[in-house]
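Enquirer: In case you want the letters, here they are:
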Amino acid sequence: MVFSELLKKNFVILDGAMGTMLQKSGMEIGEIPELLGITNPDMIIDIHKAYINAGAQIIYTNTFGANRHKLNGHSVNEVISAAIKNGKSAVAGTDCLVALDIGPIGQLLEPTGKLSFEEAYDIFKEQVIAGKDADLIVIETMTDLYEIKAALLAAKENSSLPVMCTMTFEENMRTFTGCGVSSMALTLEGLGADAIGINCSLGPRELYPVVKELCGLTSLPVVIKPNAGLPDPLTNLYDVTPHEFAEHMLEFLKLGVKIFGGCCGTTPEFIRELSDILKDKKPHERKFNILPAVCSPANTVFIDQPRIIGERINPTGKKVFQQALKDGNIDYILNQAIEQVHAGADILDVNVGLPGIDEKAMMIRTIKAVQSVTDVPLQIDSTVPEVLEAALRVYNGKPIVNSVNGEAETMETILPLVKKYGAAVIGLTLDKNGIPQKAEARFEIAEKIMEKALSYGIKKQDIYIDCLCLTASTEQEAVLETLKAVRMVKEKLGLKTILGVSNISFGLPNRELINHNFLTMALTYGLDLCIINPNVDSMTGAVRAFKLLSNIDKNSIEYINAYGGEKISQPIKKEADIDIFYAIENGLKNDGARITKELLETHDTMDIINNMLIPALDKAGSRFENGKIFLPQLILSAGVAQAAFEVIKEKLIKDNAAPVNKGKIVIATVKGDIHDIGKNIVKVLLENYGYTVIDLGRDVDYQCVVDAVKENNAKLVGLSALMTTTLKSMENTINLIRENALDCKIMVGGAVLTPDYALKIGADYYAKDAKESVDIAKKVLS
Amino acid sequence: MISLKSIDKNEVYRYLGYKDSIPDEKVCEIIDECEQKLLKEISPRYIYRVFDAEKVGEQIKLKNAPDILKGNDINHHLEGCEKIAVFAATLTEKTDKIIRAAQINDMPSAVIFDRVANAAIEQVCDEIEKEVMKSFPEYNQTWRFSPGYGDFPLEIQSELLNLIDAPKKIGLTLTDSLLLIPQKSVTAVFGITKNKIIKKKQSCNICNLRESCTFRKGGTHCGF
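Residue numbers (this note's numbering), protein chains in the order written: chain A, 7 to 788; chain B, 507 to 730.
Quick caveat, the hints were computed from the structure, so don't treat them as lab data.
Don't take every hint at face value.
Unchecked claim - Sample of chain A residues at the chain B side, in silico, Cβ under 7 Å: (1) 179; (2) 182; (3) 184; (4) 336; (5) 338; (6) 340; (7) 645.
Using N, Cα and C, we set each Cβ at its ideal position, and we do this for glycine too.
With the hints as extra help, turn the sequences into a complete structure.
Expert: What follows is the structure, encoded as structure tokens:
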């Protein structure tokens, strides 16, 4: 018997809990359960047999935590091999299958935790290879979409066994890392899971709404393995009886669930009741409707109405952006991301291609960083297949690939990647002969792309066609051809359409007016995905207004949310009376930027910095020191200076002038420590004083600090640690800097540090707060 | 299920370094916004178990559980208690993400989110204590004591989390350097007894942070 044959039966019955049975069999508290497969194989075999006798057709090996991290030095291969041997011995003489069970690693993945996606993949890969003799692989009890993606990829790439994936949801319909049911379904089905479902955390009654939603969102067989109700927090005992459990499971049957089992608190009795109750039942046909959609873990964007794709993360024609890429300045890119999301973008396009930089490395870094601060899905934009694949690997959720065109070669390279990673894809209606003039010819290319994509197994709803917008000033007659093609693709092929709009007005005055009107026209022709600059109010507004007027935005809710609550704040002082000092003192960021722009017309940049920004900051600093103002106000002031600095920096880049640099400072949160808000405040303040800050981030290796100091010839290093447990790392970092005899001073700070301790571990300075780090920098770098 | 309706502003002011004063209007406005956003976005996760206490020699132990009550201070603290509650609580990854995102272009809000979250997780702990004590109406309780206080070692954190299945049940994990992740999380134990609690004096003497504490430097304390 193999899994695919088993699926042809009316139902598939899984086993119940392993942990509950181990405790009943006398496992000691604190023992590593997976090791029992080696030390007490009979105990495990007996449990498997009890489930098989109760009616289970698939048993899960006792390997839930059999990973490098949890086994604590024991061999993964040894433990898993023994577990599979035990499973095989239990199923001998039956048709039952043995599933290699893989649970969470037990460490949180990046960005919240420290474990990288790539490390997680390696950990799972080791388990998959060790479990090669199983009949199938089960990845279960996952709460983090990123972790289950790593596990599923590891399974698919290192084995040919079928894979069942189940995640754990709470009553709020999300996993506790915030993953929604739709994001789970889209991502796991896209990555090629063979069955998906829900296990653990709640009883069958509480899980009903979660399973109901899932059943409507996937074409795969659905698995359900609930707990025996909810545990009593005082006693840890579960509250549902085997019979009640089985009765509840009948409700899932009506939803079209195919695979049934039990999780925590269930025993062979539960599985017996379950198989008895299902025995003479007929399966129900499942109704599902998979809409076109892309997602991040917490946010699914259905393409069932016009959506805005922010186009700003793209260096083309933007000097400041190009400079940021050359400097590896990820904060600049993240700022672009957040700004667009606040402005109303539903999806963000990410393009970091620039000659002379390592696009692949930058793309991986950007995707991870943008996903760490926003929930909008991303559109991966590159012409290099290798870059696309790297991005598809590390993307958490289901992205869009931008793009393929009608040329066979690009389709043959890129479409298999789109299929493998379960993405949506944009097809450009051009080929080796360029962009056809006529709508009919563009339609033909769209059709060709669709056929090809379908042949690779990509679903129709995941193909979006870009009929390409030409410049109206040079090809005026082509404008309507584009729109006509949009309508044809939409109506005749039934595909979603996408269009980059801004190009239309190139070379014309008042571009915004043309862009805005063209966008509205395109929407009426059926455009679904609008690639625009969402920071331009009239563009975002056009989409919102269209949705209202075409009865998509029911009761104008979205529209009113966007515009109804606008506060007209009363300026305390008239605009003309505000100077840069007043702006900084009162935390008026926008005024600060505006005034700086004006000042730059009459003043030299260094004059503004040295005679205005710094004295104003000094004043705020000394008021902070004297207890006249507190941390929030100091940071508000710093924020204004930061905005002013941005304006200055932009001007310098545009003028091709040398950047402001009063000296380089390397800062880091030490190895093992991930609390970095304090370090980030220090960074903002130091930058405001014109220092170039090389921020190495958090959890930074000792050697990495040394390398950065050498490479930048920095004369000052700032180290931060927040926990007593990480002070040792601080000391080690200082020691390594000293061993390398680097000519630099070291300042340290952090909640648990004291001046005495700072001296003891060899630092030159102790900074009690961000303000003091500036004083130290002035002293050292004067 | 615990869900907070509001967050204690006075605590937030204190965490932000305002001693007895109230922040200006602008800062108060940001605090209100941060409070509203956090209340809307986060649902705290927590788990607890109550164990019987037993005395083995001079040491207090949890019955049928690994020995996590190491050190003199925790033993002293739980002296005479018949039951011991062990709990863990977290504001989840969502809070980390909110704070992380605000740091990109709105540092004032980031700092305020951070402090509002500190106040929130403490309130969650207060609510957990109340919830536990509902099952013990006749009993009194000690205040909560966390690993890292006094000589109650941080090193038991891992065993404590596993004891109540916190990684699996609420997604609370530990790094090699014994940091809890998600960041806004607490683990603690408290004693439950029919006896009268002899008010042990809470003071800074027991605290490892006493030398560097910003509250102490400012002539106040954290409120214990």
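Enquirer: Would you check whether residue 340 of chain A satisfies its interface hint, that is, whether its CB is within less than 7 Å of any CB in chain B?
Expert: For residue 340 of chain A, the interface hint holds, since the closest Cβ of chain B sits about 5 Å away, which is under 7 Å.
Enquirer: Does residue 645 of chain A pass the interface hint, meaning its C-beta sits closer than 7 Å to a C-beta of chain B?
Expert: holds, 6 Å
Enquirer: Identify whether the interface hint at residue 184 of chain A stands, where standing means a beta carbon of chain B within less than 7 Å of its own.
Expert: holds, 5 Å
Enquirer: Was the hint right that residue 336 of chain A lines chain B, CB cutoff 7 Å?
Expert: violated, 10 Å
Enquirer: Could you check if residue 179 of chain A really has its C-beta closer than 7 Å to a C-beta on chain B?
Expert: violated, 11 Å
Enquirer: Can the hint on residue 338 of chain A be confirmed by a CB-to-CB distance to chain B that is less than 7 Å?
Expert: violated, 10 Å
Enquirer: For the restraint on residue 182 of chain A, tell me whether the closest CB of chain B is nearer than 7 Å.
Expert: holds, 5 Å
Hints 1, 4, 5 from the list above are not met by this structure, while the remaining hints are.
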